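Undergrad: Sequence lines, in order, name chains U and E.
Heads up: the first sequence runs through residues 7 to 300, numbered per this note's numbering.
Heads up: the second sequence runs through residues 1215 to 1658, numbered per this note's numbering.
Just so you know, the hints here were simulated from the structure itself, not pulled from any lab data.
Stretch by stretch, here's where chain E covers chain U in the computed footprint (C-beta under 8 Å, at least three residues):
(1) 41-50
(2) 242-256
Partial list, computed: chain E residues near chain U (C-beta under 10 Å):
(3) E1287
(4) R1297
(5) G1317
(6) T1319
(7) I1322
(8) Q1474
(9) R1627
(10) W1629
(11) A1630
(12) R1645
(13) E1648
(14) Q1655
(15) G1658
In this text, all values refer to a predicted model and were calculated from it rather than measured experimentally.
We treat Cβ as the ideally placed atom computed from N, Cα and C, and that holds for glycine.
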Amino acid sequence: MEKRVVFRHRWLPYALLAPQLAITIVFFLWPASQALWQSMLIQDAFGLSVRFVWFDNFTYLFNSREYLNSIRVTAIFSVGVTVLGLAVALLLAAVADHVIKGALAYKTLLIWPYAVAPAIAGVLWLFLFNPSVGIVAWWLGGAGITWNHQINGNQAMQLVIFAAAWKQISYNFLFFLAGMQAIPRSLIEAAAIDCAGPVKRFFTIIFPLLSPTTFFLLVVNIVYAFFDTFGIIHAVTRGGPAQATNIMVYKVYSDGFIGLNLGSSAAQSVILMAIVITLTVVQFRFIERRVQYG
Amino acid sequence: MQKKTLVAATFAAGLLATTSIAPISSAEAKTQIQWWHAMGGANGERIEKIAADFTASQDEYEVIPSFKGSYAETMTAAIAAFRAGEQPHIVQVFEVGTATMMGATGAIYPVHQLMADAGEPFDPSVYLQAVTGYYTTADGEMLSMPFNSSTPVLWYNKDAFAAAGLDPETPPATWPELEEAALALQEAGYPCGFTTAWESWVHVENLSAWHNQPIGTLANGFEGLGTELVINETVVVDHISKMGEWQQSKIFDYGGRTNQAAPKFYNQECAMYTESSAGYAGISANVTDFEFGIGMLPYWPDVEGAPQNSIIGGASLWVLQGHADEAYQGVAQFFTYLSSPEVQAWYHQETGYLPITEAAYELTREQGFYDEFPGADISVRQINLNPPTENSRGLRFGNFVQIRDIIAEELERVWAGDASAKEALDEAARRGNELLRQFEQQQG
Chain U
7 MEKRVVFRHR
17 WLPYALLAPQ
27 LAITIVFFLW
37 PASQALWQSM
47 LIQDAFGLSV
57 RFVWFDNFTY
67 LFNSREYLNS
77 IRVTAIFSVG
87 VTVLGLAVAL
97 LLAAVADHVI
107 KGALAYKTLL
117 IWPYAVAPAI
127 AGVLWLFLFN
137 PSVGIVAWWL
147 GGAGITWNHQ
157 INGNQAMQLV
167 IFAAAWKQIS
177 YNFLFFLAGM
187 QAIPRSLIEA
197 AAIDCAGPVK
207 RFFTIIFPLL
217 SPTTFFLLVV
227 NIVYAFFDTF
237 GIIHAVTRGG
247 PAQATNIMVY
257 KVYSDGFIGL
267 NLGSSAAQSV
277 ILMAIVITLT
287 VVQFRFIERR
297 VQYG
Chain E
1215 MQKKTLVAAT
1225 FAAGLLATTS
1235 IAPISSAEAK
1245 TQIQWWHAMG
1255 GANGERIEKI
1265 AADFTASQDE
1275 YEVIPSFKGS
1285 YAETMTAAIA
1295 AFRAGEQPHI
1305 VQVFEVGTAT
1315 MMGATGAIYP
1325 VHQLMADAGE
1335 PFDPSVYLQA
1345 VTGYYTTADG
1355 EMLSMPFNSS
1365 TPVLWYNKDA
1375 FAAAGLDPET
1385 PPATWPELEE
1395 AALALQEAGY
1405 PCGFTTAWES
1415 WVHVENLSAW
1425 HNQPIGTLAN
1435 GFEGLGTELV
1445 INETVVVDHI
1455 SKMGEWQQSK
1465 IFDYGGRTNQ
1475 AAPKFYNQEC
1485 AMYTESSAGY
1495 AGISANVTDF
1505 EFGIGMLPYW
1515 PDVEGAPQNS
1525 IIGGASLWVL
1535 QGHADEAYQG
1545 VAQFFTYLSS
1555 PEVQAWYHQE
1565 TGYLPITEAA
1575 YELTREQGFY
1585 DEFPGADISV
1595 RQINLNPPTE
1605 NSRGLRFGNF
1615 VQIRDIIAEE
1625 LERVWAGDAS
1635 AKEALDEAAR
1645 RGNELLRQFE
1655 QQQG
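One chain only, chain E, in its complex shape (with noise of 0.2 Å):
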């Protein structure tokens, strides 16, 4: 700790010496604001511009944006840094670690109270309920400002469905449709039907919302530390079940945890892709010989409730405490800023990410991009189809980061056909519940 401290202290000293030598300018004056994010190549460069632009948009406040790694790497290190007094005031935190945040209560500045204590207009009824609600305590109250938020959608070939008689307009709604129209692709030809990304985010955490359905007791872990997985107790089972038999028959193939299946989406090996709907970018950039098309998740008819609505991932900005006063009023500032429609629907127009506020979703609307990229509205009317429910607000686990991989380690064993559905999603829950039981002693 001590050669810590020296070493600050000594870069910090040649710094000073360096800065006491360049002429004073108006920069200087400026309150500056740090912040910490996990945004590499093109949505790095996004982060500059935004921060740039509200930085010449006044005279008091600059904001710093450093980019500090991987989304696990950004948390571990502002955590880091808080531990040793020096953490920024703005950290970018994906929503699996949202938990371990809330719970760090002395650590965080909840984001209604900053805009409060800063006397900004903050109305949280203009946010959209589906993207906030993640963030939100079970009483209402935002804790952290949604940044970049996904929800998974179906991408599909229109070529390959026109090249199989089914009609290229319509992607399927329902899971029994989506079985029909695999069949029909492989009788064209096509080797799968379809393949998928993230498959704990899409084939259990987001079919569950979508169906209505609990992941966890206590409301998703809204409602207490106490929470336990009931993932092997829904619609999730038979589901998994069912994506089981489909691997056999290739009528799904699976390619990997995170987005690594996208090139059998690519190179037309498999037709149908559930993927988030911030795939975009990557989408539109690699599928060049065939026409995509989006369209919602698929649900199972026979289930009440559904569709329900769908839940988002990506993650949210965290202020942290520990600054003055003045630092913070920019904090609320810049919030304001970030929240505003042009600077919002600017954002989900470049990106494919979210837009978090009505106004915003409005805006784009008005300026015809819905119009010029038929399907870019589907993320967001899917998420809200439906006011949520306390199934469909989102979820809060602790040492979710770890589950999550549980839950593919166990899926794994279903698509390699090793384990039942259900044998694996009991284990998947033992497991994970375990890593709970941990979160909730940590927590103390």
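Just chain U, with the same shape it has in the complex (with noise of 0.2 Å):
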């Protein structure tokens, strides 16, 4: 027994959808275009004159030096925002579950992170963290560690990448919070009596019944940490230093907007629109086949 809505008109099922398209073609299809198109023009920034060079922008990304390493940074970076914003998110949303007095301002206090924007949070952690007047800095070195992101690569982008997770690890409480109240009681219950102790049934029945929540905060973190912490990363260390931290996405704005090259930042963001359109492919494709939806 399917139930069908058939339109009689042939029109009004695209005047319905014209809204959408068209937002889609300004939006999104133009500016891909363009862009597709301005990676293979080599121009001055006046755009006074330009060459069409076919993919010559591309093979320059891939043997430089610095584009490379900007690959790896984006990768160490998207692995550790990922995992970090995730881990620590159902850490706690597994512990508000269990929590029965004052569930609700937990609760609250724990999504506020997420209304922060990304450069005020990058500014935040910027202020904890200020070599000479950061308190955080000042306890680390209290405790034997010299906190200097603006010379230690790795202090840098640990600190980005913290700032980064911090943000996310709201979006991703919510999401895993609401996955656990929606596991019946009953299977919990079950396995109590059967003596499984708190942690053993999280690990044999809540994380597995979470795994389509998991899935989608997974994609959902890899983009975010693609494309949305442009703003912490300007904040905070602006790539630096040398090249540390600059991640994709930041390197396109740095080489289009202060480099005025162009025709390479429109090749390195038709690089990254690949890479994130793959990235959603496979994970369709190939981890949601392992994936138990309840």
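Mind docking these for me? Both chains are given alone in their own frames, and the hints should help you get the complex.
TA: Structure below.
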């Protein structure tokens, strides 16, 4: 028994789709095609001398040490942000699920960071870790660790990963908590009667049943780490020191808007687009098969 | 594109609607001149004043300044506006953007040509050659109007000098003397000898010019796009190598790429500080516990030809093509006004930027400014020490914003003890040359 609604008019479905299509064309397809076209041009900043060079911009990028470094940095950064953001959120959600008194207050407070704009989040962390005036940097100094992310690339990377993950934890937390609350209590109670402790219950029942949520969040977090973290990088490190945090999306900006090399910048954004399309396809095709949908 | 035009049209229609209701005032009869600049805060207010004073001085033109953010943002905004056909008449561009602007032959209106076309009296020889030279072609044609220029000098703590048994009225003139002074200061309990702002500008670019040695081939890029960096083959190598040693013993202590090291000077951690002459405002506002003095940049006495003259930093005003002749007439008049000794002397004394004409410098002296603030003329004397050579006129490298970052990155490896001066500068030259080739290609 299939229920189907059939439109009688030929044009009606298209008319209903038109607003969405218009938005997609204007804000996605048109800019994307422009990027593709520009990625095959070499031009000066003012656009007075434009030459069509096929794939020269791409060849140049893949022979450039700086770009290969940027790819490596992006991989470390996005894995760091995703793993840290998901793990901490899962832990918090598991704990919050058990809290009985004041649960609402905890949940509300945990969601707050999500409302903070990336640039502001970056500045907050920057203040905490500022080598000369930051309180955390001062504590670390007391503990014998010299904190200076302006010179030390590893520390700079850790700092931007913390800042980016911190902002995303709230979002992940919301979904994990909702996912946990959707798990039938009877399953958990049955396991408890069979003498499974909280940790065992979590790994044998809750976590597997959460896999659709985890999978969804994995996709969202990787896309977040790739694209939405520009503000944090810009506010905290500007890609430095010595390119240590120059993630690909930031390099698109710095080469295009500071360096005024539009061809290379466009080529980089095309590469980013290809990477994200591939990632999404891979995730849906191969990982989704192993996910159990409750 | 179409959407943008539509929005612009709607906006314009809205503007028209409002202006048509308003009674026609005398201001509307004036030809408007748009001036995009990158000066916030107190310096932004000075720009507003210059524009307002010029507008009030005659009836035909109105100069409208707009603040567009940082130097890089202002330049990008002007370029984007040019591509969309909505460029301002005048845009302030930082000195490292010179090569990019110069390369855009169809987009810029060279100042010497503008003045000639407008029939404005214009004599390039009244300008200070060390200032205008930076913005002049190899044939001596002035392309943009210098606006805010400064040069690095040595700031020092007079009280600390006295405490260390040094003469507070005699700043070290050479690097060996500075080393001795730093050792005496450390003996007297000061943790660090000197620190610096803008490491590439001071210790690579200016150091080269000051010792009359090239930064790049083809007269530092003035004579062609095929220029290559040679900073890994000159006095710079020895100097950076020495600075690397000094970093270990804190005779030198690094504090950041821009002027982030300033607090080290303010809180008397480092008694000497190489920083722009335009740092005057910040230094006089923040230094309260001690008296400070200004000296010329030190030099290496064993290098022949040193000291030559130092080069400038800052920004100049570029005129963009695509407007009516009438407006350019106004721009030319505005530049004449801006170059007048009164305006220049006022601006120089208010901001600490260099005057652009000999007459403004003389006027400032007559007004007794240098007696009241001793050392304020060091910067002018330093850029005028000798007639500029092709090594000390300035530099003209494409993509130089990024190249400066590369140099800073490589220098930081020396300060951290991770690379020798030679290794780091070889790498800086290699990476910088890659960007120079890229720029050459872009210019087609």
